[in-house]
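> Sequence:
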Amino acid sequence: MRRAYDVEAVRFAESETMRVVPERELMLRAARGLENHCVTVLLESRGAVSGARIVLLVGSGNNGGDTLFAGAALADRGASVTAVALSAHPHADGTVALLNSGGRLRHVTSEAGEAEVAAATRLIRQADLVLDGIVGIGGSGALREPAATLVRGIDESVTIRVAVDVPSGVDSDSGAVSDPDAVFTADLTVTFGCLKSGLVLPPGRDRAGVVELVDIGLEPQLASLPDVKLLQLPDVRPFFRPPSEFDYKYSHGVVGVVAGSSRFRGAATMVCGAARHTGVGMVRIADRGDGVAAEVVNRF
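Under our numbering, the first residue of the sequence shown is numbered 1, with each subsequent residue one higher.
The set of hints was computed from the structure by calculation and includes no laboratory data. Zero decoy hints are in this set.
Across the chosen pairs, the derived CB separations fall in these ranges:
1. D76 to F12: 31 to 41 Å
2. M282 to V236: 15 to 25 Å
3. R263 to D215: 47 to 57 Å
4. P180 to L213: 21 to 31 Å
Note that the Cβ used here is the ideal one computed from N, Cα and C, for glycine as well.
Turn these sequences into a full structure, and let the hints steer you where they fit.
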């Protein structure tokens, strides 16, 4: 079973973990995991990290710090890395790490003119990989400018789009998307510590792409009940055992179906057919006296 947590639970786990693990170490753990996943997708898409054009979209918080540290590591591997800072004050240590590794930084803040935003959009569209570190789990509501314009400008020319922790523009708790036209739509989301609820609830899950979890040591502190539980095949397999020679229709479960109508007759056939494929002992269908049940019986 996979478990997803709300922001309150994640914040508590982070604060408890930082009693024994320095905040910088947690950030570096996240950055290393992010780097490794970026390396994997770059090798799959172009066969090498060296020479890859990577653009980092960076906000002012720790999400941006994770992104900058990962960008520095990718620059050390020979990638051409440019950070587009959407704040006048991006994460200080992460910025130093990126610049020391040969990466570049350009500021495109709320005071930027149209020409600067357009130039940044062109840079993004030329990238092999774009990392979204605009806002993290603390973000809510629609993206502000110029982030919204830059995200809208990302098109299919970008080979790989990777969200850091949660796609910017997706509510971490509910999965809500305030502005569907200005939300980062990822091919891959690399999330840290635990799954966030917004990554598994619609419509946010449809913006997250493939979700990969990086263990940074929060698990022991996730004491609260998960916000969302996701059943996996091993969780349900015991309930669908093959019948034995001693089984009969009532020992293997009975499914009751109320479906279909005189107008939508096929619905009953579809639902009953699906129920039969679960291995259930018997399927019972009730209709409104319109002959739907008889059609199902004749069909099977």
